[in-house]
Each structure stands twice: as structure tokens, then as C-alpha cells.
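Enquirer: Can you build the whole structure from these sequences, using the hints too?
Top line first, the protein sequences correspond to chains D and L.
First residue of the first sequence? That's 2 in our numbering, and the numbers climb one at a time after it.
First residue of the second sequence? That's 43 in our numbering, and the numbers climb one at a time after it.
Because the hints were derived from the structure by calculation, they are not lab data.
None of these values were measured; they are calculated from a predicted model.
Far from chain D, by Cβ distances over 10 Å, these chain L residues were calculated:
1. Val-128
2. Trp-166
3. Arg-268
4. Arg-498
In silico DSS-like pairs for lysine-lysine, Cα to Cα no more than 30 Å straight-line:
5. D:Lys-64 - L:Lys-318
6. D:Lys-345 - D:Lys-250
7. D:Lys-27 - L:Lys-318
From the three backbone atoms N, C-alpha and C, an ideal C-beta is built for every residue, glycine too.
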Amino acid sequence: MEKAIQAAGVTIENLSLAFGTTEVLKGVNLEVEPGEFFAFLGPSGSGKSTLLRSIAGFGPTPKGRILIAGEDVAGLPPWSRDVGMVFQSYALWPHMSVAQNVAFGLEERRVARPEINERVADALALVGLSDFAERRPSQLSGGQQQRVALARTIVVRPKVLLLDEPLSNLDANLRTQMRREILALQRKLKLTTIFVTHDQEEANTMSKRMAVLDEGIIQQVGAPMELYDNPANTFVAGFLGTANIFEGKIEKKGKALAFRSRKGTRIPLGGGKAGVAHIVIRPQDMTLTAPGKKKGAKALDGVVTEMEFLGETIRYEIALSTGESLLVDVSHHQNQKHFMAGDKVGVDIDTKRIVTIAK
Amino acid sequence: MAGIAIAIFLLAFLIFPVLKVIYVAFQDPDTGALTLVNFSDFFSASLFRESFYNSFYVASVSVVFATLFAVPLAYFTTRFNFSGSVLIQTLGIVPLIMPPFVGAVAMKLLFGTNGSINLLLDEWFGINIPFMEGLNGVILVESIHYFPFILINLSAALNNIDRAMEESAQNLGSRGMRLFRRIVFPLAMPGYVAGAALVFIKVFDDLGTPLLLDVNKMLAPQAYLRISSIGISDPMGYVISVILIAFSLFALWTSMLAMRGKDYSTLQKGGGGLAKRDLRSWEKVGCYAVVIFILLLVLSPHVGLLLLSFGTIWSYSVLPDAYTLAHYTQMLASSGQFITNTLLYAGLAALFDVVIGTAIAYIVWRTKLPSRQWLDYMATAALAVPGVVIGIGYLRTFNDVNLPFVDGPVASWWFVIVIALAIRRLPYALRACVAAIQQVSVMLEEAAENLGATKRRTVWRITVPLMTGGILAGFITSFATASVELSATIMLVARESDAPLAFGIYEFMQSASGRGAGAALGVIAVVIVTLATYVSHRIIERGKQQQQSSGNVVREEA
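Expert: The structure is reproduced here in C-alpha cells:
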């Protein structure tokens, strides 16, 4: 596109929305910076798609405010919002050619024909589909359809670009490729982009920041790595990656801090406040030692109950003497000895990396 | 083996008679040489030119009126949260349970020059509207009867448009009428054309309605009258048959053209029809007014028929003078034979249909028989053959065929009526059977074979039992529609003792004194068809529920 798009920020204030009596969004507050690539991540039914659709103006009218570049659009119909949305199914109109699909939004905006032709050609060139202008959508592959949908949306130079599960209809190889293409396109256009996904890898790799949603509430907002390392609650900890989460109490004995789970597992801690809490231990923050070998003073005793070979790592499930279990990841190297189900092991925990979540 | 037997049956009773009709149309009646003289005779006679024009006019205008009824109803159900949707769905079925010719006479008493409505209009406003005069009557009766074909097809098309199709257009700035014109309408178009083409064919080919309304200057009645009054050697009946087939093919071709490459059912995971919105209160009033108006219109043949069957004298008055059961006793006394004949003919025809239908479905979908598709094509071709043509074809083909155990020529044997009915309803039964077999996963059959069942045993113990619902639905649909078929039947009935119900109604309705009894017989026909339709509807619904509760594993593979 020859003209840069003026990036707009999106501010959502106290947004609530219900389908009948079912509350889907419960007071959402959010700030998306101009030009940012932002993700809504959550399990199905978390309200992430509903939130995205309400920005575009679809679904029941929500309570609260949606500001785009400072202007409240919450009461506007979809066609006056100037928010571009790419649908999960792409929603290409089968009775129009690729070029007609892309030209549609410009025609609705009463743009002059020569300019339409020029901009359609530019948009198709941008997504690498110049040779496909006269094809019908049904003659295109999934990835090509996705690109047409993108071209159709960005050609109108919307203030914000919304992507609803953009990669879910593509197969695995294409997914990685499209991911990079969308990202490159976004950087080129500097367009404020929000996309919805249930796939944390997608959110991690594409977004600068993301919001994790569950049950209509934003659980945490931040950069992907930040959320992984410092989850605000057990939902975020469990949803992003694999986590061992224990519920119990942090106790102070003299100078030493220790966590005691409900069932009595005692884990020494490097820091934290006394009181009721959860602790989160990532599987890669522990090491296993063979019985009899020298082990750390803080190590726990356990028995291997499951061994899963995942490729780069081996995931062990360890039963502790208290009846609780732990997942431990050990990186795998050629010809390295490994444990089998039934082996007795010691579990060494890197206590500095334990995250405590106070209740 | 079964495949060859079915092919021979179809060739003998569908393809050959139709080809014979076409051949005779191009044959000089005296010399037997091939010629176009019959066609030039046809078009040089003003009666036939007028008939041709009238048939075309009636069919076209009926499509227009049927569209006017169907479009608002389809739009209401698919676009609004409208509590009257159940009413509209009922509207889609009610007309189809009564063949149009049955209600035709009753409609005349309601809407004719001296009918109830015009008497009221005259009393209130001093006007008289010729609803039922000549071709108008045919158009009114046919469009009321056949509009559900458009309603059903159009509603399905609208329901199959993914909501995202509309939302993406809104997202790009489109709305209101522009949105409808550019996105919704083109996407729904194939469904509409399919429905409209069907209405056109049905009206163009219909014999019973114009006959009962005394409109003879149309193609189908002309063909019937020529054959029944002049005889089967008169070439005009054959020329008309060729024209009817040509138009049927043309209409089917149009609808295929509209559908081809435009499988617009765009529903995706998570989609679900166009967005529905709530109605404002004045809009609701408007919608209900339209729905109730159409409902009254649709119910009027039924109401008229009931009044006619219970009324004593009904002439120059809004309602009959008094009510009586006399017509029913008269009808029962004289026409028990009609009813038993109908049950026998329609039952046998439906049985043939599902047996042949199941066999064809199995051969096409489960065997590798060479050119097996042609069985399906041949059976489906019956759709394009009007009843009149089947009738004429059978008369011509089987008139000089004699069987040792049949008195007289085969053409006048009652069993020929059964075959004609079976051929005419086969496409519907076949579709039901094909749908049924497609729902049976091949894996279920393979599992049986893996456990030692032969092909034959597998069909018998696994495939057919799993198809039961669809087969039964096909049987009942064939039965219900065959029991009120008139256009082929009327030509093939050789003596009154062999006549089925539809013929009986036609006979009764010919005379003013017989109308009451004819209406009573009509009510019986409606009851039979209604019961059958209801039962098949229940079977299909139950089948769907079973599919939903147990079918996941089975369906995933398909």
C-alpha cells in the first residue's frame, strides 16, 4: 500500500455483554496501543471471540465503551465503524471473483473506479495473488483464500484489523508460513491488529502483548514471556504451558520459608510471604537424580509412574510419598540413560524459580 | 442381475413408451414416414396456438404469484425472530397435502363470480373481481398449491448462507438493501431458481386442475381430449406430449444451470444462517397480517372442500344453506371401490418404488457395476415426463400387447395403472433411499463382512435394517402422492370398477349433483394424504434424532 495507515489505539472500558441471561463478558477493561499486534487468548467459551466481534459491532449491544482512536464506537452499526475483520471461515463471497471480493469494500465507500482498480491491484500484489484476480474463491487453496480475505480487509485501510482464529482452518505447515506472512504484513502496514486464538503457540509467536481470557474476564495482560514467567493466577499458570500447581500454606520457621501442601508435601522456598497460597513449578525447573546418588538437601523422594518421550524432552510423572504427583521434564540427548516406570528417584527443585501466588 | 432386471423394467415402462410418443409425433399418420407435418399442423391451428400460449402464460404467471407468496414468508422465517415461524412452516406443508384439482371446484364456489368472496365484495363495495374466470382460476389454484416449492427451496438457500458472508459485507461498509442486493440475493438465487423451475413444470404439465375448472384451451387438457375423443391415432396428442417434455427438460436444465458450480451452501463450522433480528411491534403486526392473509388463502381450498362436502345447497350464497352428512353416505355407498382401488394401487406402486429404489441406491453406491449411474439417471428422468405423456405412451405401446391371463389389451389392465404410478413416483422414493444409504457408513458393512457375513447377508442384516427409516419415508411419500395422481391415471382407467379415488373425484365433480359426494371423497383423499405425510414426517424426525444421539462415529467417516 502506498499510503501508510494512521494507526489507532483501542480502549475498552467496562464492557459487559450477555446472550439472554448468559453473561459472556463481565466488565472487560483493556488498552491496545496504536500499531500493536495484540492477541486474545483463551479456551473456547472464554468470551474472546465475542469480545472481538463486539469491537467490529456484531452480536448483542454491550454495556460499556469501546474507543477507537479516542472515539466511542459502541453504539455504531458495523458498517460505520471502519474496523476491518477477517473471519475464521474467510467468508469470501462465492458468487464474486477474487478481484470483485477485494473491490467490494471500496465500492461501498464510493471510491472512484480507477482508484478502486489501482488499490485492488496493489492489495493483491501485497498478498502475492496478482495472478488470481479473476479466479473464483472456490478455485483457491485454503492459504490463498486466507490471503484474499486479508487483502479484502486491508484494501479499505481500516483503523484496526481484527483476525478471528486466522490460522485454524489451515494445515500445520501452512500455519507456520501464514503466521510469518501475517506478521510481516502487519509490520509493513503498522496496522493495529487484534487476533483471537485458543492456541498459545500462535499467541506467543505473533503477539507483542496478549490478554488471557477465561469466563468473560481478562485474567492477565502482558507480553507472552512475562505471562509465562509470572502468571497472576492459577488459571494463567495452567493455561500457558505445563505447570505443577499446589495449593497450601507458606510457613516461616525462623529465617527459613517453606511451602506445605494440603497433603503435606514440604517444599523449601527462596522467598515469599507467609499465608495461604498456591505455588507453581514448571516441569523444566526440576531435575531427577538416581537413588543412592548424592542429592540436594531439599530434594523430594518419589517413584516414576509414567514416562513419555516427547522428542526433545522426556516427561516423567513422579508420585510423591504424600500421594501427590509432579510432572518433570528432562531434556533428551542421544544415548542418554533414562528412568523407567517404577524407578525410585529424587526430585531436585530449583527453588528460585518457584512462583508463589498468594490467595 | 438385479441391475439388469431394473434396467429392463425402466426401459420397458419409461424410456420406450416415451420414445414411442416422440417417434409418433414425428411420423406421418397415414404413411408412417418421418415428417414435421404434425408440428406444422399443430402451429397452424389457432386452437393449439392459443392452448400453447395459455399454458405458457398460466405457468409463468403462476410462478410470479407463487413467488409473491413465498418470498415474504421465506424472508420472515430466516431473518427475524418471529414467533409466527411455526405457522409459516405449516403453511409450507398444508397445500401439498391436497392435489390442486381436488380443491378447484371448491375454490370456484368461494372465489367465483357468484362465490362467497365476490358476494361479500359486492355487498360491501359493489365490486366483483374475476378471480376464477378462465385462466385466472387455474393460476390462482396452481399458485396457491405450488408456492411451497419456492418457499422450501428459498428458505433452505437462505438458511445455508453463513452469517459471516453477511457480516463481512457489513464490516466493509455495506448495509440494508445494498447488502441484500449484492450479497444475500445472489447467494439465495440458485435455490429460488430451482423452486421456480419446479413450479413452472408442475403447472405447465397439470391436467386435473384445468379440466375441473373447465378450461380446455391448454396443452395438457387438449392432449387428453384429443386422445380420449378422437383416439390414440390422432397425432396432436403426441405433438403436445413432445412440447410438454421439451419444456420440462428446459425448466430442469435452467435450474441445473442455476445450481451448477454454485454450491453456495456456505455454512462453516460455527456459522449458522443469516443474523436474525427482533421485530419492532408495528413490524410484527405487518408480518402477522401477511402471514395470516396467505394462510387464509392457502386454507381456502380445504375450507371450501369441507363446506362443499357437508353443505346441502351452496349456490349464490356466502355459505351453504344447511349442513348434512348425506354426501358422505352417498359417497360411501357408491365409491367404496374407489377407495380400495386407491389403497391397492398406491400401496403396490409405493412397494415397487422402494424395492427398486433400494436396489438402485445399493447398486450405485455400493457396487462397481459398469455404468451403474445410468440406473439412477434413467429413474430420475421420470421427473421430466409429464403424467399425460406416460398415459399416452402406455396407451400407444401396450394397446396391441396381449397377455394370456389378461382380458383385452394390456393397456386397459388395472395393473398398468400401478406401473404408471410406480414409474412416476420412483424419483422421489429413489432420492429417499439414496439419502438413507449415504447415512450408512461403509465401515458398518465392512465390520459385518469381517465377521464372516457374505455380501448378501450383509445387505439383509446390516444395510437394509439401517436404511429402514429412509425406505419407510420413501414408501409413504410415494404412497401419498400416488394415491391422488390424476393425469396418467385418467388416461389409463379403462372401466369404472378399476378406477382409483382421484378418478372418482373427477367423475363426481363433473356434475353439479355429484359435487357434494365428490367433495366428500376429496376429504377422504386429504385425510389419507395427511395421515401419510404426518407418519413419514415423524419417521424422518425420529431418524434424525437417532442420528444425532448415536451417529457421531458413523458420520465422521463420511
